[in-house]
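Peer 1: Each chain, letter by letter, is given below.
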Amino acid sequence: MSEERTPRNRYRRSFLKASGVGLLGGLAGCTRGGSGDGASGDGGNGSDGTGSTSTDGSSGDELVVPLSEYEDADIEWRQFEGSEVNVLAPQHTWVDMVEPAIPVFEELTGMSVNINTFPEQQFRTKRLTDLNTGAGEYDAFWNVRTVNQYREAGWLEPLDQFFEDDSLYDGDWYDREDIFETVRWRCHADGQWDKWSGLPLNTEVQVQFYRTDLYDEYGLEVAETTEQFVENARTIHENESDVVGAVGRGQKGYGMNVYVLNTFVQEFGADIWDSKPDDSGLDSAEAVEAAQFYVDVLQEYGPDGAGSQTWNDVLSTMQSGRAGHIVSDANLFWPGLTDPEASDVADTVGVAPVPYPEGGSLGPNQSTWQMNTSKFADNSAEAFLFMIWATSKPTNNWMHLDQGAGFSVRQGIWENDDFRSRVGETFADATIKSQQAADPISFDRHYPEWGQLYSEEVQLAISGDKSPQEAMEAAAKAAEDTF
Amino acid sequence: MSTITAEQSNESGLARLRELWDQYLPYWLATPMVLVMLVITLFPGAYDLYLSLVEYKMSSPGSIGEFAGLSNYRTAFTEAGALKSFGVTLTFVGGALAMQTVLGFAMAALLHGVKSDRAEAFYRVVFILPMAVAPVSLATISRVMLNTEVGIIPYLVRELTPFAAPTFLSDFPLLTLMLVDTWHWTPFMFIIFYAGLSSIPDTLVEASRVDGAPLWRRYVHVILPYMKPVLFVAVLIRMIDLFRHFGLAFTLTGGGPGTATQLVSLNVYEQGFRFVDLGAAAAIAVVYLLFVIAVANVLIAKVGFEGVWE
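Taken in sequence, the protein lines are chains Z and G. Our numbering numbers the first residue of the first sequence as 1 and each following residue consecutively. Our numbering numbers the first residue of the second sequence as 1001 and each following residue consecutively.
These are computed hints drawn from the structure, not numbers from a lab. Backbone N, C-alpha and C define an ideal beta-carbon position, used for all residues, glycine too. Just to be clear, a hint being listed does not mean it is correct.
Said to hold, decoys possible - Covered by chain Z, according to a simulated footprint, are these stretches of chain G (three or more residues, beta-carbon under 8 Å):
(1) 1135-1149
(2) 1190-1201
(3) 1255-1266
(4) 1271-1280
Stated by the list, open to error - With a cut-off of at most 27 Å between alpha-carbon atoms, the simulated BS3-like pairs for lysine-lysine come out as follows:
(5) G:LYS1084 x Z:LYS466
(6) Z:LYS433 x Z:LYS393
(7) Z:LYS477 x G:LYS1084
(8) Z:LYS375 x Z:LYS126
(9) G:LYS1084 x G:LYS1228
(10) Z:LYS477 x Z:LYS276
Using the sequences plus the hints, can you model the full thing?
Peer 2: In structure tokens:
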């Protein structure tokens, strides 16, 4: 810690910084569901807060990506000339970043695109209403955890028929194999469908963040195992008066505390389901051990009231220099942690794959937003063409090299020298390694319900109102009862 | 002759219409609004009732729309935590209402005693300011201010008192929710009470003063009885508003830890939009609506509207 900064000044500065983060996160953050528990950090949010984005089809003065980059593809780009694609999306950085390139698509295809964005809760409600009523107002929509709910309701249109249409898809040009394997798995309804449920827009994976200055000061090494991690957190916690050993999400919500805990549940050797739907694995010895690890870290080396920490709190605590680690969270925290304008620890934060128990193996949780089309949509083929364009290499490269994005689903961009020098080698390496080893949990149609109940139990354990054993047993029962 | 009769008949018809118009004027004027209210309350209410009687769980799409009898009500109160959320809501409404009423009245009484017009205008604006903040923004700011690591409130507790800073959202989440809501909405009570106090005839208070009544007697025997209708209306409006409370709790605690702050409104949201079980959500909403109507009616019957509209 800097000696020039007294604890009092530090508190004041921390408060101001955290207030700023909180306000920004909150004001835009209503976009992530208000409660925060919809806020999984699935992609960050750089929204300008506008309620709706619509492009008028004009190509502007100069196209940001040359058309020649797409004209190499053996795809009949202009086959739907004059038609329109309506896209429903949450307010999200991806939308902000792709928006300047929409005229490229419109020039290329002669089609027009309307992207309607809403704060996340309104987005979910609108999506559900559109599908449940069969209105088909939207040709494409975003999805992350309800893919199987919608698939089993018979609402999703698989993309395979479009992939098989030579006029819509050029396999060599698009290069599906470049997309991380776990991401492709997500786009098969989390491995529950032999068909393509959607195309991936972004991805994030769980990693750990740590303070390099404190590691230097106390001679610590980056933890590969959970045992080493606990030791590192303990060292910092006991030696630093104003810095807690670790922070992590404690707030309930199926995208909140259990989004992180599931990493450890699986790394400790448990399965979320031993046998669906009768036997949840959440009460297995390994799952309880994982919960015990996470609860112990937060209770012994975390901040007071860890049970109410959202991803926003975790980020702001780390940014303000009040934590030695983030035990595990989205790799997408990296830009926020290394931005000197937002972070006190911009120069002294490190990133590495999450720890795993001795004798276990790396297997972090992962999340992917995908774009789906429905059986009710009039323009599913047109929507597919838009998805192909939006997730193609030229568009993806432009977003990541020119627009500052850092959430690519394509491994190639993480190996690109220009991109790596921009985001940092350690971040790129940690992301590739984690994505390749990722062991994402599969969201079934009841997940929003049992995931929520499971997260409530975990919150009670983190808050000290239940033991991890009791909480996980109750969570397992709730999951089984949901079916 | 017959023409005259027709004219007379027309005149008498018009007169009759005019008479009907005059006689029922308040009803004619109210009719459009009544029709609008019927459309925007009766239809959603009836649809809610319908949803509560059918299977409408979107994660089980095969049975959607089948008549379910009262099973949604049974689910709501045995599995969906409705009973507990009613208890949480009653505690929240009772606690917050008591705090806001007492504080609002105290602030109004204090400001009423201020003699300087400039000071009065200044404090009036300052007192009303919290109401201008949107609930979600307030909740977000509050989360940061209450954060044990970076929040100003735990910091002040640590610095200014010999006590350790509590972890507000974990140790006493419901009380914290009440306190933040009190900060937000006490100004509403203050405005109404201040207007009520300002409407009391000076002669009445002067008379009691001349009679030698001390301040507390003037309040108990003169001011409060005179203010009864104002108090009643303010409490009734605020109570109903508290029963509808959602945004602040949703953002501040999300209903947690566990279900410690799971108000009925949050539970309905969770059942409906998170668990997509619209049947159970509708069942809870129907019971809740009847419950709030009953509470309001009991209050009206016991306290009454006498003097409120005079």
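Peer 1: Run every hint past the structure and note whether it holds.
Peer 2: Okay, the hints, checked on the actual structure:
1. With 11 residues having a beta carbon nearer than 8 Å to a beta carbon of chain Z, the region 1135-1149 of chain G meets the requirement of three or more and the stated coverage holds.
2. Restraint check on the region 1190-1201 of chain G versus chain Z: 0 residues with Cβ-Cβ distances below 8 Å, three needed, restraint violated.
3. As drawn, the region 1255-1266 of chain G meets chain Z at 5 residues by the rule of a beta-carbon pair under 8 Å; at three or more, the given contact holds.
4. Counting residues of the region 1271-1280 of chain G whose beta carbon lies closer than 8 Å to any beta carbon of chain Z gives 5, which meets the minimum of three for the stated coverage.
5. Taking the CA atoms of LYS1084 of chain G and LYS466 of chain Z, the gap is about 18 Å. The hint holds against a cut of 27 Å.
6. Taken as a hint, the LYS433 of chain Z and LYS393 of chain Z pair is honoured in the structure, with Cα atoms around 21 Å apart against an allowance of 27 Å.
7. Simply put, LYS477 of chain Z and LYS1084 of chain G have alpha-carbon atoms about 19 Å apart, close enough for the 27 Å limit, and the pair holds.
8. Distance hint between LYS375 of chain Z and LYS126 of chain Z is fulfilled; the C-alpha atoms sit about 16 Å from each other, no more than 27 Å.
9. Between LYS1084 of chain G and LYS1228 of chain G, the direct Cα distance comes to roughly 33 Å. Violation of the 27 Å bound is thereby established for this hinted pair.
10. Using a Cα cut-off of 27 Å, the hinted pair LYS477 of chain Z and LYS276 of chain Z holds, with the two alpha carbons roughly 12 Å apart.
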